[in-house]
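Quick note: the sequence shown uses UniProt numbering, first residue 1, plus one each step.
The reader is advised that the hints may include incorrect statements.
What follows is a list of derived Cβ distance ranges for each label pair [said to hold, decoys possible]:
(1) A17 - Y121: 20 to 26 Å
(2) Q114 - G91: 28 to 34 Å
(3) K111 - D18: 18 to 24 Å
(4) A17 - D71: 27 to 33 Å
(5) V65 - G97: 26 to 32 Å
(6) G97 - D5: 33 to 39 Å
(7) A133 - A21: 30 to 36 Å
(8) D126 - T88: 14 to 20 Å
(9) P93 - N2: 38 to 44 Å
Derived from the structure by calculation, the hints contain no laboratory data.
Glycine included, every Cβ here is placed at the ideal spot set by N, Cα and C.
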Amino acid sequence: MNTIDLITRYYAAFNAADTDAMIACLAPDVAHHVNEGEVRVGTEAFAAFCTHMSRCYREQLTDIVVMATPDGSRAAAEFTVNGTYLETDEGLPEANGQTYRLPAGGFFSVKDGQITRIVTYYNLADWMAQVRA
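With the hints as extra help, turn the sequences into a complete structure.
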């Protein structure tokens, strides 16, 4: 499977809320760099993060465009996050079902057909303004 197909499969699993299918795309020691947070290492930490996110947020990604280097070792994706804030996340505004729509991106390192690094970016100030409105 080429890198673009791998990243596309990862995001399809995200949209299906299928953490196991997402993890199947990852190397066991994946480094997950979340926006405004600490780096989580390993699929167990990734799964715990997904559990937390699923409790607090319901999100679907649209307008996904995936790009990769010719050798497939690095990739990037641009997309729109369409979400609902379900449960208050610690340190963030109170949740009451607010919806939001954000441009976002992901950056990846790939080795031997597995994602070894994920960096996610979105504008937190934009999200905060939307859920406070």
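Lying within 27 to 33 Å: is that true of the beta-carbon distance A17 to D71? With Cβ atoms ~32 Å apart, the hint holds.
Determine whether the Cβ-Cβ distance between Q114 and G91 falls within the hinted range of 28 to 34 Å. Given about 32 Å between the Cβ atoms, the range holds.
Regarding K111 and D18, is the given constraint of 18 to 24 Å on their beta-carbon distance met? holds (23 Å)
Outcome for the supplied range 38 to 44 Å, where the beta carbon pair is P93 and N2: holds (41 Å)
Given a hint of 30 to 36 Å, does the C-beta separation of A133 and A21 actually sit inside it? The hinted range 30 to 36 Å holds for A133 and A21, with Cβ atoms some 34 Å apart.
Take a look at whether the Cβ-Cβ distance between D126 and T88 falls inside 14 to 20 Å. The hint (14 to 20 Å, Cβ to Cβ) holds, given that D126 and T88 are roughly 19 Å apart.
Within 33 to 39 Å: is that where the Cβ-Cβ distance between G97 and D5 falls? The hinted range 33 to 39 Å holds for G97 and D5, with Cβ atoms some 35 Å apart.
Range hint 26 to 32 Å (beta carbons of V65 and G97) holds or violated: Roughly 29 Å apart at Cβ, these two residues keep to the hinted range, so it holds.
Has the hinted range 20 to 26 Å been met by the Cβ atoms of A17 and Y121? holds (21 Å)
Every hint from the earlier list agrees with this structure, and none is contradicted.
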